[in-house]
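**Q** Chain residues, written in single-letter form:
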Amino acid sequence: MVWHIFTKDMKRKKTMNGILLAFIILAAMFTASSLSVMVSVLRGADYFADISDVGDVFIMGNGEEEDLAKIQQCVENSDMVDSFRVNRLLALEEGDFLFNGEALQDEGMFCVLTPSENGMKYFDHDDQVLTADRIHNGEVYLTKSLKDHLGAKVGDTITVQVNGKKMDLTLAGTHKDCIYGISMNSTSVLISAEDMDSLLQGCEGDARIGNMYFLKTDHPTDLKNSLGELNGVSMVVDRDLLKLMYVPCILISGIFLIVGVILIAVSFLILRFSIRFSISEEFREIGVMKAIGIGNFKIRSIFTIKYICIGIIGCVIGLVFSFPFATCLKKISMPSMVMGNSLGAILNVVGVLAILLAIIGIAFRFTGLVKRSTPIEAIRNGQTGERYKQKSVLHLGRSKLPSPSFLAINDILSTPRRYISMVIIFALCVLLTLILSNSVVTLRSDALVETCGFMKADLYATLGDAENRNLNGIDSEETIQKCAEDTERELAEHGIPAKLSTRYVVNVNLESPTAKGMHTGYIPWGSSVSDYQCIKGSVPKAANEIMITKQVGKELDVSIGDTVMVDTKEGRMECMVTGYYDCMNSLGDAVLLHENFPYRQEDFLSGFMFDIRYEDSDTISDQVRASREATVKALYKKVYTAGELADKITGCSDSMAIVEKVLLGVTVVVILLAVILMERSFIADEKSQIALLKAVGMKDSKIIRWHVVRFSIVSIVAALLAMALNVPMTALLLNPIFKMMGGDSISYSIAGTKVFILYPLVAVIATACFTFLVAQYTRTITARDTASIE
Amino acid sequence: MTKILEVKNLCKTYVVNKRQNNVLKNVNFSVEEGELVAIMGPSGSGKSTLLYSASGMDAATSGQVIFDGEDIAKMSARDLAAVRLDKMGFIFQQMFMMKNLTILDNIILPAVESKKGNESRKEIEARGRKLMKLLGIEEVADNDINEVSGGQLQRACICRSMINHPKVLFADEPTGALNRSSSDEVMKELLKLNAQGTTVVMVTHDAKVASRCTKVFYIEDGNIKGSKELGRCERTLSDAEMAKREREINNWLIEQGW
Chain A
1 MVWHIFTKDM KRKKTMNGIL LAFIILAAMF TASSLSVMVS VLRGADYFAD
51 ISDVGDVFIM GNGEEEDLAK IQQCVENSDM VDSFRVNRLL ALEEGDFLFN
101 GEALQDEGMF CVLTPSENGM KYFDHDDQVL TADRIHNGEV YLTKSLKDHL
151 GAKVGDTITV QVNGKKMDLT LAGTHKDCIY GISMNSTSVL ISAEDMDSLL
201 QGCEGDARIG NMYFLKTDHP TDLKNSLGEL NGVSMVVDRD LLKLMYVPCI
251 LISGIFLIVG VILIAVSFLI LRFSIRFSIS EEFREIGVMK AIGIGNFKIR
301 SIFTIKYICI GIIGCVIGLV FSFPFATCLK KISMPSMVMG NSLGAILNVV
351 GVLAILLAII GIAFRFTGLV KRSTPIEAIR NGQTGERYKQ KSVLHLGRSK
401 LPSPSFLAIN DILSTPRRYI SMVIIFALCV LLTLILSNSV VTLRSDALVE
451 TCGFMKADLY ATLGDAENRN LNGIDSEETI QKCAEDTERE LAEHGIPAKL
501 STRYVVNVNL ESPTAKGMHT GYIPWGSSVS DYQCIKGSVP KAANEIMITK
551 QVGKELDVSI GDTVMVDTKE GRMECMVTGY YDCMNSLGDA VLLHENFPYR
601 QEDFLSGFMF DIRYEDSDTI SDQVRASREA TVKALYKKVY TAGELADKIT
651 GCSDSMAIVE KVLLGVTVVV ILLAVILMER SFIADEKSQI ALLKAVGMKD
701 SKIIRWHVVR FSIVSIVAAL LAMALNVPMT ALLLNPIFKM MGGDSISYSI
751 AGTKVFILYP LVAVIATACF TFLVAQYTRT ITARDTASIE
Chain B
791 MTKILEVKNL CKTYVVNKRQ NNVLKNVNFS VEEGELVAIM GPSGSGKSTL
841 LYSASGMDAA TSGQVIFDGE DIAKMSARDL AAVRLDKMGF IFQQMFMMKN
891 LTILDNIILP AVESKKGNES RKEIEARGRK LMKLLGIEEV ADNDINEVSG
941 GQLQRACICR SMINHPKVLF ADEPTGALNR SSSDEVMKEL LKLNAQGTTV
991 VMVTHDAKVA SRCTKVFYIE DGNIKGSKEL GRCERTLSDA EMAKREREIN
1041 NWLIEQGW
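Residue numbers (the numbering used here), protein chains in the order written: chain A, 1 to 790; chain B, 791 to 1048.
Next comes chain B alone, as it looks inside the complex (with noise of 0.2 Å):
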């Protein structure tokens, strides 16, 4: 397997009042093509920042992010932008989505945005439409964003996060806002993805969602205490094997100290 993302002493200090704040001291961590890897921890200890570092979407203070062989965190804004247009997807626990845009075009932005394919604003358009109905959610295409359901709208989220093709999915905790079957929904999608060979990489507080990952780390204090090979969670594990694989991630998060 294949390196897609790798964390080399990654440091983040924010200085808030004059008082150094060191959220992120020497992180390293990797994570392979194909692999959907959970990023968990307490609140307050650099979950978030981790992942934004680790996406170029904030600046790392010191350290190397090793995204698809180019190191990122010395990439100008203007590169990093066309990286995260081409090769990232993001999901946001708030569902951020243009105002004024119906939720086709909102999914449809960052395709017609990009350089990659030579296609014509149709043919974006039909593949949107296409995604959104792998998604199920192909009968909202025209609505305004406030015409859906909070589950609608994150799988809008989803699908606009993956209008391009990236090679690895970040979200931040994708499932935070939503009731239970929403979340079970969004999760599924993500399985989904990561099944057809999407990289995934979240951040999560669920053990549940965590469960259905094949690696998962846990961050405190700034640093990553530990890590949890789970294996490939397959569409066709029982209950009774979910269930196994959910308790054993929840005895591993208590000796961590959750």
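Isolated chain A, as found in the complex (with noise of 0.2 Å):
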């Protein structure tokens, strides 16, 4: 009887069986590939840098030769250097770039480079080493980033010009970057050694030549802090920041495993779902062998060991499925990147076998039902296949609803138990999109731009001298005031009346009593910091007070109201930390100075993109705003509002928006296996209760329209849940996420009519189309079936 019970479901539950089995697959083929994803992409920096050579310090020198030279004196005599690459390098700016002809824009700096032995390894987009002879004079390679973002083809002409010499080089393909790859406001540019030469001739002494340095070293923060303070070192990197660098990755895989967990949940409810309804049909059978002696542990295993089988099969399939599907996921959330990790296999494993042992546990669990009944109770329940335990709720009679509407409410009323899975698993399948939905708008939110840092305003700007308004970087307070004083003027002369203000970038070291480190600042210009977002505490009022971030918190160990000495143009100074600020576009690892700090010259790094302020503009309408900022983009060319630079600066907005329409499928196939599913259950379950409803001559219509009302309202009920959580659920499971990316409070944005009007919408309906499909099956039933039902 054991082994016919189990042919038997084998055999007559093909569908539910074969949905069953496709849950497990996908839920094992998301975890073990997220899994190994999040893995990857937590320790791929690390891995990344390993490969490409990259050492533990890099730094970038440029600028005059004398400065240069010291720099290499400083390299090749340092204790502290192991040993060291180098890799020549030409900075030119975007200005200098042609593609179709016309000059590059918003890109920031390109750093025109060269592979060498001595330097560090470049990758092609197979993960192979771009060795030098591999890049024949007349060609270019360019980051996968900057190749979309032109919309170039391989075979394209990319034209350099330096010094008023102009090179049309060939684009042959794209290159992964470990340092440049991932840079928002610099890319690698890669050419051959010939060309590299024949560009660096008669450029002799010009600051953008100059030299990148991959050290090796076991003091790394000492290291930092000591090239870091010699002329010409333009930028120092050590594996942390690098590692912070990569950090918006985890977002994008970081929700994939969110997606992993939710279906593994959705998995484990239809499990028990399909378990409870297998049960109850084999209710007779289970009485009988009761009857007869057979223990409740045997009968279970009968059960158990189908679940199990096909747990088995779901998983190996899952498993075999997740390679290619985390190729896949890897190349979405991190394109520039060589990923990879030491685990390798294992960890997709790992998170299979997890998988199946909790199915075998969740299996063993819920046939636990088996247990709960006599003998006879089994074999009288199931004899009808119905077992009568159900309370009406409602009364036709006192009710004004047509029939199918009736029995359809009626249902969920007095069984709600039955439903409540079924609520759970729409709800959790919404919620995805939901989040998603949430999480890219968000990503583009003017809500988002006081966690990167930035105070508010009306638009920000990158802008430069008057000639070439273009020019990236502005490198004194002279240029800022000047900078400013124009735009102010041309705006107003354009009838915009605004005020200009920015931020300047240094360097501020930071001692505590048991800590010290080099941390980036910002000191307000033009503004004040009181204009700036205080998540904690109170904005500095004075020039020894400052506004930390949690993670240079957590990093010199003080907290609000401690001191910290900083280094100032008058000494050693005691500050006291007044608040915490986010700020993301460090990644975390910045401080808010007063705008009356008295930094050090030698500090100073740059002004960092301006705030344009309307004076008007709490009274101008939104036609007003409209036109103006059409007006300052056509003036200048980096203009922004809040939500294009929180986007620019987070990244990931354009990925994230291809995983929520991915995510939509996903959650419209879910749907549909849990509606095929579900729907065959109930019309197995209730095939007596449809074919008496035949034989007293209700149109199969009716019958289908009673079955599609009553999925209808379970989803209508899941999607009202959904909407409900979906503000809570979205910060439980982003703020983790964002919080690595140096945001500790994010306001979260809210999709309004995705959230509430389209994604619940479709999944309603997708829910009722699918019922109305599956519940055609019913036709098949006929009134002469109830002379059949056993």
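In short, the hints are calculated from the structure, not lab data. Just so you know, these numbers come straight off a predicted model, no measurement behind them. Take these hints with a grain of salt, some might be off.
[Claimed, not checked] Derived, one-sided and incomplete: chain B residues facing chain A with beta-carbon distance under 7 Å:
1) Met847
2) Arg874
3) Phe880
4) Phe882
5) Met888
6) Asn890
7) Leu891
8) Thr892
9) Val902
10) Glu903
11) Glu915
12) Trp1048
[Said to hold, decoys possible] Label pairs and their in silico Cβ distance ranges:
13) A/Ile757 with B/Gln986: 40 to 48 Å
14) A/Val393 with B/Asp974: 31 to 39 Å
15) A/Ile757 with B/Asp869: 39 to 47 Å
16) A/Gly295 with B/Ile856: 40 to 48 Å
Every residue, glycine too, gets a C-beta built ideally from N, C-alpha and C.
Bring the two chains, given one by one in their own frames, into a single complex with the hints.
**A** What follows is the structure in structure tokens.
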């Protein structure tokens, strides 16, 4: 009998077993691959840095020959440097590149490099090392993001111009670069050694020529601090900072992990639902087995074995699919990274094994239903395929509802427990898309700009001098002053009364009683520190007060009210931490200083973006605002709204938007599978009732309507639940990810139309349509079946 | 008397595992309005198949089933559903009920579905209660189906089958799942309905039940082998006369090979 039940179940419930299998495959595949991708991303920067041979600290030195020589000398002679590698570098700006005859815009700095035996390694799109001999003369390799941004194809011509000398290069492909592949304000361009020589000819002494050094050391912090003080060193990066640069990728891989977790939850609920139905259908056999003395454990084993079999098959298939799927996810979450981890396939296997164990546990837990009835109860209950435990809630005579709607509502109210798992499954599916939608809107929202470390303004711009309007960085206070005045005047001439402000970027050496370190400091210029958002405590009110990010607080082991020592032009100064603020722009490594802070000249790095604030901002209409935005964007090249700037800084909203669409598809597929499985289960369970309704003359269409209304109500309740939970769940799931990106106090934006109308509607309509299609199966049940029901 | 049901050359064939099984072979019979007809026969003879085919619950392979002047064998599923709803009533051996409805709601569901009258829900409910009262189960109207006895449940099924005033009431071994006392009660109700003018066609194994009918068909191997007119079983008949009818039907059944 044991074998009989097992084989009968496998034959009779092909569809349901197949769908359960599909869920387990999906859950195993998503979990195993997301786990692998998450670990790859978390360890990815180290892995990528190791295989790229970039050492522990890397510096970029450019400028005067004298400075370069000094840097070279320091690197060669430093006791802290174990070994080093070096690459020649030509740091160009966007105006120096032309594509289709147009100068490139909005790309920041271009580091023209050439691979060498002695330098760091670059990789092609297949993750193979791109050696110097593979780059032929006249060829150029761009990063994938730049190629995609330009819309360039292999074979297109990119023109480089240096000191009036033009060189046409053919785009030969894309490359992956550990240092510049992820940077938001700079990118790398690979050319052949010969072309590099040709470009550098006649540029001797040019500030744009330099070297990149990749240093191996056991003292990264000390080395970083000592080299950072040298003239001509424009960038010092250690492994910690490199890892921080890759943090935004975690957002996408984290989302995939969330998807995996939700799919596991859905699979387990489906498993529970399936077990309960399976057992209720076999109640008579269970009763007979009990009556002849077969023990509960053995009876439970019959059902457990079935789910273990399906679980093993599903997990094995899921594991196999997880490898290509992980590769695909890695390409989506971090296309410019060579990813891998030393754990390799073990992670996938561990993820899948965890799911299998959970399936076995759940199967055994829910087959416990077998224990609850005596043999005769089981036989009697199983005789008609029904268990009369329901309690009618509504009364047909007192209701004005049409019969199908009445039956549907009464079913749900009479046996709510039966529908709870369905509501949870649908709610989880909808919630998934809502969270994604919210995260995309949040990443593009105006509110996020303050979390990125900016003050609120009408527009933000990177402005240069009046002639070329395209200077990528303003490196002196005088230039900033002049640029702001020129721009304010010009805007006024165009009828836009506006004030410009910016913030100086300075190196800040902070020392607490237990730790010290160099951090990125921001000093408001043209505005007050009180214009910035403080997430806890208060903004600095005096020059000896500072606001820090929580990350800096943690590094220095200080909190609000504590003091730290800071180097100023007046010597060491004791500054009090008055509050915390967010600065995702620096990935949480930032200090906001008072506008009167006496910084040392040598610590000054640059100005960072201008804030354009209309003097009449509070009174202008949206129309005027839009018109002004258009005017300013026409006048200057790099102008952003708050949302655009936040999007540019986080840099992953586009990928997230793609993921959102993919997940909407996944949600619809999950709903389809869940509806097929559940509706078929309901039809099987209610066969006698359907036959009875047909026998008393109810039309097929009304029976189908009964089922459609029932599932639609469930999906509406689920959609409402998902809508109610979307804000807290978005915060719960995304807070840890944003925290890693340096955002401790995220104000989430809600994708209103999508969250409250579009996606819930898609889910409800999809449920209703799929139920309608599956419910057509009830047409195969005839009134005659009343005679053949056991 | 008008013929309410006329079955002509009715055949029903099932194909199981590629083997053809002719369950009904050119069956012919008719039922007149007001009759109480029993279909009897050994197990597997095709009694239930005949009842289901004759009532349009199952499609015939060939032949005609004229019900109330219309050939229901040629009707669409939609029209057939309408006929079942408004003109036929069914009582099954198993007391099928909608699980989540009360006894009263189960009874009035066909009336709510029917477009025959223009009654309000309240009127339908009142009629359902009246019907329950007639069958002596009014006290369980608001009970759930697991809260009543088998006899009460079967009487509720009779109420449901009667709610739309059917012209013919089909019953497939209506007392088969009941004990003797419940069985007698149910038969009493069917006789009462028949006395009020409802035509009843039932399948039964019970000679005592058949002895109360006006006509009995004996079916064997898919064919009607014989029929017996018994005349109306008046309620005024004495126990001795009832016993005589029962003996008469038993003897006839033995002649048929029962």
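**Q** Determine for every hint whether it applies to the structure shown.
**A** Outcome of the hint check:
no. : hint                               : result
1   : Met847                             : 4 Å, holds
2   : Arg874                             : 4 Å, holds
3   : Phe880                             : 5 Å, holds
4   : Phe882                             : 5 Å, holds
5   : Met888                             : 6 Å, holds
6   : Asn890                             : 4 Å, holds
7   : Leu891                             : 5 Å, holds
8   : Thr892                             : 5 Å, holds
9   : Val902                             : 5 Å, holds
10  : Glu903                             : 6 Å, holds
11  : Glu915                             : 3 Å, holds
12  : Trp1048                            : 22 Å, violated
13  : A/Ile757 with B/Gln986: 40 to 48 Å : 58 Å, violated
14  : A/Val393 with B/Asp974: 31 to 39 Å : 36 Å, holds
15  : A/Ile757 with B/Asp869: 39 to 47 Å : 42 Å, holds
16  : A/Gly295 with B/Ile856: 40 to 48 Å : 59 Å, violated
Checked against the numbered hints listed earlier, the structure breaks hints 12, 13 and 16; every other hint is satisfied.
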